[in-house]
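Whenever a hint applies, use it, and build me the whole structure from the sequences.
Chains as they are written, first to last, in our numbering: chain A, 1 to 376; chain B, 1 to 410; chain C, 1 to 300.
Hints are supplied without guarantee of correctness; some may be wrong.
[To be verified] DEER-style ranges, computed between Cβ atoms:
id, chain 1, residue 1, chain 2, residue 2, range
1, B, Ala-372, C, Arg-177, 37 to 43 Å
2, C, His-143, B, Lys-291, 52 to 58 Å
3, B, Glu-88, C, Leu-166, 31 to 37 Å
4, A, Ala-60, B, Arg-264, 55 to 61 Å
5, C, Leu-158, B, Leu-56, 44 to 50 Å
6, A, Lys-72, B, Arg-34, 58 to 64 Å
[Said to hold, decoys possible] Derived pair list, reagent style DMTMM-like, types lysine to aspartate or glutamate, alpha-carbon separation capped at 20 Å:
id, chain 1, residue 1, chain 2, residue 2
7, A, Lys-221, C, Glu-139
8, A, Lys-245, C, Glu-139
9, C, Lys-88, B, Glu-386
10, A, Lys-335, A, Asp-140
11, A, Lys-247, C, Glu-134
12, A, Lys-270, C, Glu-139
13, A, Lys-223, C, Asp-2
14, A, Lys-354, A, Asp-140
15, A, Lys-221, C, Asp-2
16, C, Lys-96, B, Glu-279
17, A, Lys-223, A, Glu-199
Derived from the structure by calculation, the hints contain no laboratory data. No residue lacks a Cβ here, since even glycine has one placed at the ideal position from N, Cα and C.
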Amino acid sequence: MKSALKKKLFVTAVALSFALTVPVATIAGDTIKFGVAGAQSGDLASYGIPTVKAAELVVAAYNAKGGINGKKIELLIEDDVCKPEVATNTATKLVTDGVDVVLGHICSGATKAALPIYKEAGVVVMSPSATNPGLTQSGDYPNFFRTIASDDAQAKTEVDFAINVIGAKKIAVIHDKGDYGKGLAEFAKTFVEQSGKAEVVLFEGVTPGAVDYTAIVQKIKRKGADTVIFGGYHPEASKIVSMMKKKRMNLNFISDDGVKDDTFIKVAGKNAEGVYASGPQDNSTNPVSIAAIAAHKEAYNEDPGAFYENAYSAALALLNAIEKAGSTDMAAIVKALQNEKVETPVGNINFDAKGDAVGVGFAMYQVRDGKYVEVK
Amino acid sequence: MFPLKELKRSALIALWFAFLTFPIMVIKVDPIERTVEWRWDNMFFIALGSFVISILSKVYLIRKERRAGRKKGNRSITEPFMQRILREPRFLYPLSLAVLVFALSFPYLFSTYQTNIMTTALMYVVLGLGLNIVVGVAGLLDLGYVAFYAVGAYSYALLNMHFNMGFWAVLPIGGLFAAFLGILLGFPVLRLRGDYLAIVTLGFGEIIRLILENWNDFSQGPSGIANIARPGFFGMDMSFAGGITYIYYLVVGLVIVTIFVVNRLQNSRLGRAWLALREDEIACQAMGIDKTKTKLVAFSLGAFWAGLVGVIFAAKTTFVNPASFTFLESAIILSIVVLGGMGSIVGVIFGALILILMPEYLRALSEYRMLAFGGILVVMMVFRPEGLISNVRRSYQFKKQSSGQASDRS
Amino acid sequence: MDYFIELFFGGLTRGSIYALIALGYTMVYGIIGLINFAHGEIYMIGAFTSFIVATVLSIYGFPVLAIVVIAGLAAAVWSASYGFTIEKLAYRPLRKAPRLAPLISAIGMSIFLQNYVLLAQTSDFLPFPALIPEFAFMEPVAHIVGSSDLVILVTTALVMIGLTFLIKFTKIGKAMRATAQDKTMAVLVGINVDRVISATFIIGSALAAIGGLLIASHIGQINFYIGFIAGIKAFTAAVLGGIGSIPGAVLGSLVLGLTESFATGYVSSDYEDVFAFSLLVLILIFKPSGLLGKAETKKV
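In structure tokens form, the structure reads like this:
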């Protein structure tokens with residue numbers, strides 16, 4: 001008898017523990033649900049957190065003005081750790097919570113995994129940082145937009161610059177074996193080969209986080225490269241650049257948006273001098289950009305992190321489209337995104353039929369005296 | 001009451017932690033601006049926190065001792081409550097039925113999101129049960145289990161992409177590929193002992209991941225394979241929510257099959273050979289058990305389940321890339337097995353549900369999520385080192401034969 | 001030939017780096033048979049502590065030499081304290097538990113420490129001050145062997161010699177060897193096993209901290225995640241050399257470092273780690289207890 005009671009208790013406990021896990025139903029109300037998804041923990045957290053901050057600031061500004069068409073905007077922030085399998089959970093959670101538009105995801109892989117779910121639910125997604133060309137060019141995802149240039153556009157800028165401006169003849173293409181870095185490096189390799197004016201003497205990946213890059217640097221030297229094009233993020237770039245300086249090598253080092261980050265200059269110090277990186281057009285005179293950065297400094301008392309401006313722009317573009325469309329219907333928002341131009345920190349933009357931003361310029365920068373300066 | 005001596009001890013512990021965490025918690029430097037921030041309030045919280053925790057744990061220990069002291073007289077009822085339930089068919093059958101009914105009605109009771117993460121958790125139940133064959137039953141420490149998972153996932157992704165093969169056709173193929181790879185790897189390495197085997201399997205797991213990452217022509221490299229078909233159901237077109245529910249039932253089915261098979265296996269001749277091998281290899285060989293063959297079967301069977309789940313994983317996320325198959329994943333599956341209780345099927349189920357659902361529900365803690373996860377793992381191990389539900393050693397009792405001699409165990 | 005020499009020295013440096021971490025793994029394993037997955041995190045904490053202390057001191061205008069010494073000492077002291085505390089909290093209660101319980105506890109500890117540093121400090125990469133100066137006398141060969149490579153090589157050699165001396169000739173060393181051989185027996189002859197194990201953790205952690213300081217200074221940056229990757233590699237090296245054996249850990253690390261360097265130099269860095277792990281598998285197939293590990297024969 002006693003055991004039977006215990007069993008009952010046990011079953012109740014199990015049932016209860018499951019029941020407790022069901023989130024309390026969101027307070028019903030007429031709000032626009034603005035989802036933010038990306039890495040907020042784990043080793044890639046530093047690329048996702050600035051996007052959350054951008055969304056918070058933009059939404060707060062809109063709500064202070066009374067929202068859109070009388071509706072307040074509600075933020076739903078979810079972490080996907082940049083992992084595809086977690087991203088599907090995140091996306092399902094957002095869709096279940098009735099999200100209207102999503103700002104995210106941060107990594108291309110996670111974005112690819114999550115997009116079919118949003119597409120099915122008719123949710124417009126805009127990423128500040130997913131650069132994989134297939135996301136827009138494949139035509140698979142009519143609900144996807146982004147405020148960052150795709151890998152191939154960026155690689156093209158870099159290669160043109162290397163060949164035409166600095167006159168590179170022998171190029172070593174190095175990448176970090178990652179989704180972003182390797183994709184970019186492969187486009188760079190193809191473009192160099194197509195140009196016929198320079199040759200790729202080395203195409204290899206380095207292991208991110210490895211304790212030492214001496215061997216690969218020596219290999220670059222042995223292959224007689226005069227220019228290195230690196231696809232990847234700033235930690236590896238600064239290790240390679242520093243190692244090259246240590247080995248008394250003076251090559252041109254060209255890299256990408258993942259390196260055009262002030263942290264790179266901070267970490268690499270004086271070794272960073274002379275490094276080239278491609279990045280979105282210089283916005284330092286753009287009033288929207290100045291306001292966005294000032295807002296961040298005021299709210300968090302520090303400089304914004306990676307992809308902050310892209311995220312800020314994406315949030316503005318999404319909310320503007322909802323406002324202009326007058327509804328949160330996917331077709332209406334898509335139409336508004338394509339036709340209505342909007343002032344953002346990355347320029348006066350709208351989107352093409354595939355989902356890439358029109359009006360976001362790309363430029364080359366060089367580190368001079370501890371600052372990225374645009375190279376004309 | 002609480003002795004003063006203990007209070008003093010707790011104060012000392014608090015002092016020690018204040019010292020220990022001093023550089024990391026208190027000082028924050030900005031090497032660029034060259035400024036130092038001294039966060040003394042953190043030190044205060046650490047000291048206070050460790051003081052309270054140390055007192056609480058002491059109270060717990062004193063209580064436990066008292067309880068242990070009281071129980072000393074009659075040892076027979078120390079068998080845990082869970083096991084008694086599991087042993088008695090009278091309780092086991094209604095309970096399983098209740099769980100089954102609950103599992104089947106889950107998608108109707110809860111939201112799509114809940115169903116989705118429950119599917120993930122159940123996938124890890126199967127993974128855990130598969131690894132349990134290798135680690136828990138046969139006693140071979142495998143730190144590269146995720147490799148087989150990856151093989152299953154990529155089998156489906158690639159076969160679907162190149163040959164447009166369907167989910168149901170690939171499901172067994174993925175499992176067999178993984179099992180075959182298990183045999184291939186098993187041959188050279190199974191003569192290694194304990195931790196040497198562990199590191200070799202770890203290396204093997206990394207090798208598979210690195211190949212997937214670097215060999216672009218084969219696997220599309222780090223950018224992964226997208227648009228993998230969801231499983232079909234007699235050609236029916238399903239909505240997104242319907243698809244999730246469908247995969248959920250599919251996984252529930254797989255869990256049931258796995259439990260059934262693993263249970264039968266454990267009670268089979270082979271299962272007993274595994275258990276024996278885990279306890280004493282030399283004695284086993286003396287008894288005529290083919291050591292290599294028995295281990296290989298364990299290894300490849302474990303791999304088979306990982307392959308199956310891999311195929312489902314690919315079908316569920318519709319996207320695979322090598323980033324999903326890191327060492328951390330192997331570590332989590334292993335944690336499921338150990339935390340649940342090595343060799344115990346119910347234990348593994350609980351382990352998987354806890355470890356996989358916990359990070360999802362800890363989302364409320366946002367950035368403290370993984371900190372809590374790591375901490376809970378340590379605390380759980382310290383307080384229940386044999387796992388949540390420890391496996392009972394198989395024992396046989398002589399029922400009063402000649403002179404009522406004592407029981408024996410095998 | 002020049003290229004070969006460059007790769008050779010590159011490999012030696014890399015191997016020495018692994019060795020400093022691998023020693024801690026192998027010592028702990030030798031004594032209590034535990035793969036201490038949190039050891040990589042101890043190394044990371046050592047690097048962070050020295051980073052914090054060095055930056056604070058340089059802000060207050062201390063001379064370079066003083067900074068190096070104090071930062072090194074601070075890193076060693078705090079890492080040792082962490083090692084000591086972790087052993088007491090997470091491993092000691094599990095001494096009699098099933099074999100895998102401490103392993104999971106170690107994995108949990110590793111995740112915990114990573115996130116602890118992430119939350120208390122930052123997720124960003126931080127520039128590590130170049131504590132090792134560029135020696136003028138190294139300038140002619142700087143393109144082959146840099147000053148920091150030299151310091152790392154010399155330190156590893158010194159540490160290795162010191163450790164061998166400690167284990168062979170001191171009382172605590174003798175107690176360690178006895179504990180490693182047979183814990184019960186060691187207790188019977190009056191060795192305080194708990195204290196020996198604590199000492200092992202303290203020494204191993206202090207070595208990792210020195211490693212952390214040198215490596216971070218060599219590569220010039222740190223973040224909370226550096227321990228994990230370095231830890232796995234060092235662990236591989238320790239197993240390669242025969243886990244539990246101190247010269248084995250150093251030999252294994254050097255072999256691993258050289259293999260990776262030559263594989264990158266002559267084949268491709270794409271498969272650098274594949275080579276490393278394949279070598280491990282190959283060696284273990286032919287020598288199942290590593291290069292210098294003792295073959296275990298079990299008496300029945």
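Item to check | Hints breached by this structure | outcome: The structure conflicts with hints 3, 6, although it agrees with all the remaining ones.
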